[in-house]
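With this note's numbering, letter number 87 in the sequence shown gets 87, and the count goes up by one each step, no holes.
No lab work stands behind these hints, which were simulated from the structure alone.
One or more of the hints may lead you astray.
To be verified - DEER-style ranges, computed between Cβ atoms:
| id | residue 1 | residue 2 | range |
| --- | --- | --- | --- |
| 1 | ALA16 | LEU47 | 29 to 37 angstroms |
| 2 | HIS46 | TYR19 | 27 to 35 angstroms |
| 3 | ALA86 | VAL22 | 20 to 28 angstroms |
| 4 | ALA50 | VAL22 | 18 to 26 angstroms |
| 5 | LEU63 | PHE85 | 17 to 25 angstroms |
| 6 | LEU51 | LEU80 | 12 to 20 angstroms |
| 7 | ALA54 | LEU80 | 14 to 22 angstroms |
| 8 | LEU29 | TYR103 | 33 to 41 angstroms |
| 9 | ASP40 | ARG18 | 22 to 30 angstroms |
| 10 | TYR103 | PHE65 | 38 to 46 angstroms |
| 11 | HIS67 | HIS46 | 29 to 37 angstroms |
| 12 | VAL93 | VAL36 | 35 to 43 angstroms |
It should be emphasised that the depicted structure is a prediction, and the values quoted were computed from it without experimental measurement.
Where is the CB? At the ideal position from N, CA and C, for every residue including glycine.
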Amino acid sequence: MAHATESAHRGKAHGAGRYVAVWVALLVLTALTYAVRRYDMQEPWHLVSALLIAVTKATLVALVFMHLWDHGGATRLAVLTSVAFAALLIGLVLVDNATRFPYANPPRAASYQDPAGAPRPPAPAGRAPAH
Numbered sequence: 001m002a003h004a005t006e007s008a009h010r011g012k013a014h015g016a017g018r019y020v021a022v023w024v025a026l027l028v029l030t031a032l033t034y035a036v037r038r039y040d041m042q043e044p045w046h047l048v049s050a051l052l053i054a055v056t057k058a059t060l061v062a063l064v065f066m067h068l069w070d071h072g073g074a075t076r077l078a079v080l081t082s083v084a085f086a087a088l089l090i091g092l093v094l095v096d097n098a099t100r101f102p103y104a105n106p107p108r109a110a111s112y113q114d115p116a117g118a119p120r121p122p123a124p125a126g127r128a129p130a131h
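Could you build all of it, start to finish, from the sequences and the hints given here?
Laid out in structure tokens, this is it:
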């Protein structure tokens, strides 16, 4: 049995160098995430850049540490299908949230200003206004 397992995985043995290189890349991308956050950008670009870096890191982890790089066929199809459905669900939530009446979404900060210039709604009864 051990012989059959060994022959089935022949040619797929990888050294530690591959994992060390991905680990270093993950460390660099983590530092890049921190650096991008500290850099002064306009509001939506912090989120966009952080998500792009996070997707890159997740892709590296899935391809190398979950060994998806070595698998083909049905495994790749299953992963791509699940990623597509996750993106679809997240996209639908974002579209729903973006098309709501502005006051249906709570303000993000005390200095919230509606893009249309409308004043901030009053604080609910029993709660102190944010400073």
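For this structure, which hints from the list above don't hold up?
-> Those not satisfied are hints 9 and 12.
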